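Colleague: Residue numbers (the numbering used here), protein chains in the order written: chain A, 30 to 311; chain B, 184 to 492.
Because the hints were derived from the structure by calculation, they are not lab data. Source: prediction; values computed, not measured. Heads up, the beta-carbon is just placed ideally off N, CA and C, and yes, glycines get one too. Don't take each hint at face value.
Here are the simulated DSBU-like pairs of lysine-lysine, each with C-alpha atoms no more than 30 angstroms apart in a straight line [as the list claims (entries may be wrong)]:
no.	chain 1	residue 1	chain 2	residue 2
1	A	Lys197	A	Lys220
2	A	Lys34	B	Lys286
3	B	Lys286	B	Lys300
4	B	Lys300	A	Lys98
To spell it out: a stretch of chain A is covered by chain B in this simulated footprint if at least three of its residues, at any positions, have a beta carbon under 8 angstroms from a beta carbon of chain B; those stretches are [stated by the list, open to error]:
no.	segment
5	42-50
6	98-111
7	120-126
8	140-154
9	160-167
10	184-198
11	284-293
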Amino acid sequence: MPREKVAAVLQETSFYGAVAFFFVLAAFPFYWMLITSFKENSDLYNVTNIPFWFNDPPTLEHFRYLFEKTLFTTWLLNSLIIGLCVTAITLVTALPAAYSLARMTGRNGEALGIGIFLTYLVPPTLLFLPLSRVIAELGLQNSMWSLVLVYPTFTIPFCTWLLMGFFKAMPPEIEEAAIVDGCSLFGAFIKMAIPLSVPGILTVVIFTFTLTLQEFVYALTFVSASDQKPITLGVATDLIRGDVFYWGEIMAGALIASIPVAIAYNLFLDRFISGITGGAVK
Amino acid sequence: MVAIAESVPKPHTRFRFILDRRDVLGSLLVAPAILYVLLLVGVPFLMAVYYSVSAYTIYDPSWSFVGLANFEQIIADPVFRQTLYNTFIFTFGSQILGLILGKFGALVLLRPFPGRKLVRALIILPWAVPIALATVAWQWMFDSLYSVINWTLIALGIITRSEAPNWLGNQDLAMLSVIIVNAWRFFPFAIVIFLAGITSIPQDVLDAATVDGAGFWRRNYQIILPMILPITAIGLIFGIVFTFTDLSIVFLMTMGGPVGATSVLGFAGFQTGIVSGDVSHGAAISLFMLPVLLVVVVGMLRFIRRREI
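Construct all of the structure, not just a fragment, from the sequences and the given hints.
Modeller: Okay, structure coming up:
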């Protein structure tokens, strides 16, 4: 074989080797979740079995236990309620703020926008001590409503920033035309800007929801009653009895909670990136 | 004309007049968001600063001022110095590993190949899925008895069962484990950031360099890398901030152990301030994150300003 051909084959092999490496690295823990959640316990806890596939027939036992014997459905419902409420609060505050910062407040608006975004970087682990006192004063300790109150502190900055970029990309002539036609400034925002920004609003809804699902620190700090936990916290901390981990159930719960977030991210990834990089790439 | 103007009720006119003033309406629209953030981020932040110089605990909620005594006490504590050191190791170890994986992953995904879309979608997963859930999966993979990693190493004949490592039970391996999980969580983000940067480079710049005789590595390090530096910087800022202040990975995988080997600032602040109820010392521990955050924020502001010019 000529030397160039050998080199080309080698290059192809190493390229697909690299693809395989990244594929396995990213996907294996999820494959591990999947196969664990469908395995019999006798199969799971036997070191002589080959762990990568089923040695006993697959079972739905772990899912059945999860839905019938644990608070899993309550956690699902809690997460749904928290997500919906936080999304509503975020939209009502971030939408007008983003519009105002993009259109009305001039150069100060830019600075204010950056200021709001920087609060997204203030970490929960710095704020959880004073916030737990605030929550105690409000009588919300150990309740999922504390999370509804606190989660907008990071969803509002993030979504304001995201929507700001969105409004800036929208030509202002549309609203100006509406104002010339007799619409008030506020009316132009309500009747023109909002309907035209539906794709941006949809992005915000999806991301607010996924951000609330991903959050762990505040939930861990403020909620310890089992029936008030959101799904992420419940699955990660509540399926352990003493020292015994219910691996099948934990992996089944983690799988169910992961799927919607994974799908949402893949659909809206580009918007997320342009959101956090502030349109640095275009 | 006059008749029409008079037919409009007066309060309504004034209301409309306010809503039509650009500056007034502008501040009205932005006010709820600013207020929310001020009340629930700004005020708590100041409270955290005050806690750290007070003697506040949940058993003795007095606000007496003690100056820098809390800071002096925690700095004198070797356990805390270990925690501070761990936090830096954890942050920089996982960021470097994540960036290397991200750069090579981006190079791989840049080239078209069959199934690229599927591979890309799967590679995003570690970053998209709630980290607490993924961490639990890793904890199961690092299990002392049923670790699939050890099983594979034994099956490949690299180690025997008796010398199989206890990943989360050995001080060095536990640190390595949490670094691996955090790097694994961030590398898809790094890939996406690198890809966004590379694809934004105009092709003619690269073509011109190729014509001038620049090879693969030279194009990579003298053209692509400097051009994607700004966006990489933003990605790194996010990575550093979220890693330096993280709590969930350590909390779920090692509980700071064994013997404090993986305790990081966020975790120590949680243990002291929330679990033990010593709020003032917990706040002082958490505040050690502030210098790093400030450096990062200043860097970010400078970068944003430069971009505008």
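Colleague: Take the hints in turn and mark each one as holding or not.
Modeller: The hints, checked one at a time:
no.: 1; hint: Lys197/A / Lys220/A; result: holds, 17 angstroms
no.: 2; hint: Lys34/A / Lys286/B; result: holds, 28 angstroms
no.: 3; hint: Lys286/B / Lys300/B; result: holds, 18 angstroms
no.: 4; hint: Lys300/B / Lys98/A; result: violated, 39 angstroms
no.: 5; hint: 42-50; result: holds (count 4)
no.: 6; hint: 98-111; result: violated (count 0)
no.: 7; hint: 120-126; result: holds (count 5)
no.: 8; hint: 140-154; result: holds (count 10)
no.: 9; hint: 160-167; result: holds (count 4)
no.: 10; hint: 184-198; result: holds (count 3)
no.: 11; hint: 284-293; result: holds (count 5)
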